[in-house]
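Colleague: We have chain A already, so just place chain B on it with the hints.
Number of protein chains: 2
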Amino acid sequence: MTNENRGDKKTVKIANPYLMFLGDAPDQLAAKMANGVAKWRPDWCIGQFRLANCKADIGLADMSLEEAAAAGARTLVVGVVNQGGFLPDSWISSLEKALDLGMDVASGLHMRLTDLPGFAAKAKRLGRNLYDARHPTRDFAVGKGKFRTGKRLLTVGTDVSVGKMFTSLSIEAEMKARGMKADFRATGQTGIFIAGDGVSVDAVVADFISGATEWLSPDNDADHWDIIEGQGSLFHASYAGVSLGLLHGSQPDAIVLCHEPTRPHMRGTPHMPMPGLQRCIDANIAAARLINVDTRCIGVSLNTSAFSQSEAERLLQETEEALGLPCVDAFRQGAGRLVDALG
Amino acid sequence: MTNENRGDKKTVKIANPYLMFLGDAPDQLAAKMANGVAKWRPDWCIGQFRLANCKADIGLADMSLEEAAAAGARTLVVGVVNQGGFLPDSWISSLEKALDLGMDVASGLHMRLTDLPGFAAKAKRLGRNLYDARHPTRDFAVGKGKFRTGKRLLTVGTDVSVGKMFTSLSIEAEMKARGMKADFRATGQTGIFIAGDGVSVDAVVADFISGATEWLSPDNDADHWDIIEGQGSLFHASYAGVSLGLLHGSQPDAIVLCHEPTRPHMRGTPHMPMPGLQRCIDANIAAARLINVDTRCIGVSLNTSAFSQSEAERLLQETEEALGLPCVDAFRQGAGRLVDALG
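Listed in order, the protein sequences are those of chains A and B. For the first sequence, the positions run 6 to 348 when the numbering used here is used. For the second sequence, the positions run 6 to 348 when the numbering used here is used.
This is chain A alone, in the form it adopts within the complex (with noise of 0.2 angstroms):
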């Protein structure tokens, strides 16, 4: 592991290179999260370690956990989703036999590694470092909205999973390539892999969901950028109140909204219909510039993943002229235009 100074805390991250664990995930579905860790940052991943019966395959090579430990994995990541909610003997002596092997566990897993009867004890006797990305364990303050140095970019949602963490990790893809100052902010727990840390503001007591963001992106460089993943929409039943305290904290410059154009209605609310790209944009906005009057929205992200080249090309332009702004779909087309459109 190593630590990072922001502000006044230490933060500690996930050691790489990463071996992933896919366990006996049914179907490729299971294995979501490993997957955006190894699409993300392949530098990072060594292998992936499956047991019998998995169905999921992420394209790396496949070790057993020996074989791994001796090509230097430093962290298991349990980046796959369980079912039912408990983990089967299988995974418990796998988990054990990587601490005994010299390496950290990082799980996204709803459950704890730390309510794992023993484990916690075994890892601390062992020297190993234990990580639950969907559990907060640092105390936060709570935000205090003041002005902070470097810039900010923050990816909205008309909607939950719409691309948001895609189309954040294309920009600094995209920046990075162009030799700009720039950082990926992880706010969900796959994000937290691919960044290494980071926090998942959904799972932080509701009193601190601004100042947990304001801790994620520090002051920083003028010329640096933080690009900070979103999560939900300001227009979801569900989630809203985390939307609007990460607007809040993250006090962007810069905000890209991101929609996925066939969802029928919003996610998990049947009754709730989908709100319109302006509306969306102007509420985002709104509620931004009660901390960053220069708040802006400098483009859209479609995720036209349903619709053929032409297609997507035609929707993506006729987006584009209804609202007067840049707008792409980042997996077909990088997000170049999104960069370009901060000048």
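Calculated from the structure, these hints are not laboratory results. Where hints are given, some of them may not hold.
[Stated by the list, open to error] Just so you have them, the derived chain B footprint on chain A, three or more residues with Cβ under 8 angstroms: (1) 144-150; (2) 199-208; (3) 248-258.
[Claimed, not checked] Computed, partial: chain A to chain B, Cβ under 8 angstroms: (4) M277; (5) P278; (6) M279; (7) L282.
Even for Gly, the Cβ is constructed at its ideal location relative to N, Cα and C.
Modeller: Chain B alone, transformed into the frame defined by chain A:
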């Protein structure tokens, strides 16, 4: 303790009568919680128990623990702020003695009763209940944003600590005096002692702010009003996420805006100006209508305690004319005109 069905879940009410524990409070302000409970629920408060050097007095009969137990006290309520975040031995021995004498113990402290060494075990052994009002212990579902039967009024604010609880309780009292069906729904620790139950929404996990509020205010008779205590402000850099989730979870038919006219800036953030009242009403109405398109602001409640009677009357009159809404000081005038405005 009594049980009440709340949807499919059971909630446990703090048993009364209460004995109010004031400890060795250094001044009257330290006993603000207990003072609020004694004001609004005098029939539930059998007496006050004060240690040597206690400088607070909430106007109840002084009683020893033994006298209170003999008089029928069922819960010792720690309605006082301790200094430095730790409990002196003299407090702990008092709390333990209360258990021995047959009382439950309820606390509004940040520190959990269940974190006191051996305290929870002792309570369990004796069959007593502990209630940490600042710390929700149940699990909540995420908010659904579905229409619930019954009527709801939420107090909202320009800032924190501007009279939302006071106004809510004044409205409940007025409704009950008129024979209307009404229940105050508590969202902070003082309110929880006053209601006998509730949820500290600022202490729930961020994902569940609106869900906890939905739990707090379940389906009810068509002519029943839940009067829901607001928290924070959409314009507060620290807490707006809590306020938005509470607004969505409340799905209010009516909101009342609360304001303290002498406040020079947002409390705790000296660089943040107070929002204008109309702007604050508009923002709350716009956000509330995501869930309930019929939300309307029915009036304004000003805390005019800093003004003379004639100054207060002029200020209330001016505000009423500027906003075109009934504007009252619930302390000076009661909430009659606010309840009239619902008609």
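Colleague: Taking the hints in turn, state whether each one holds.
Modeller: Going through the hints against the structure:
no.: 1; hint: 144-150; in the structure: holds (count 4)
no.: 2; hint: 199-208; in the structure: holds (count 3)
no.: 3; hint: 248-258; in the structure: holds (count 5)
no.: 4; hint: M277; in the structure: 6 angstroms, holds
no.: 5; hint: P278; in the structure: 10 angstroms, violated
no.: 6; hint: M279; in the structure: 12 angstroms, violated
no.: 7; hint: L282; in the structure: 16 angstroms, violated
Consistency note: the structure conflicts with the earlier hints numbered 5, 6, 7.
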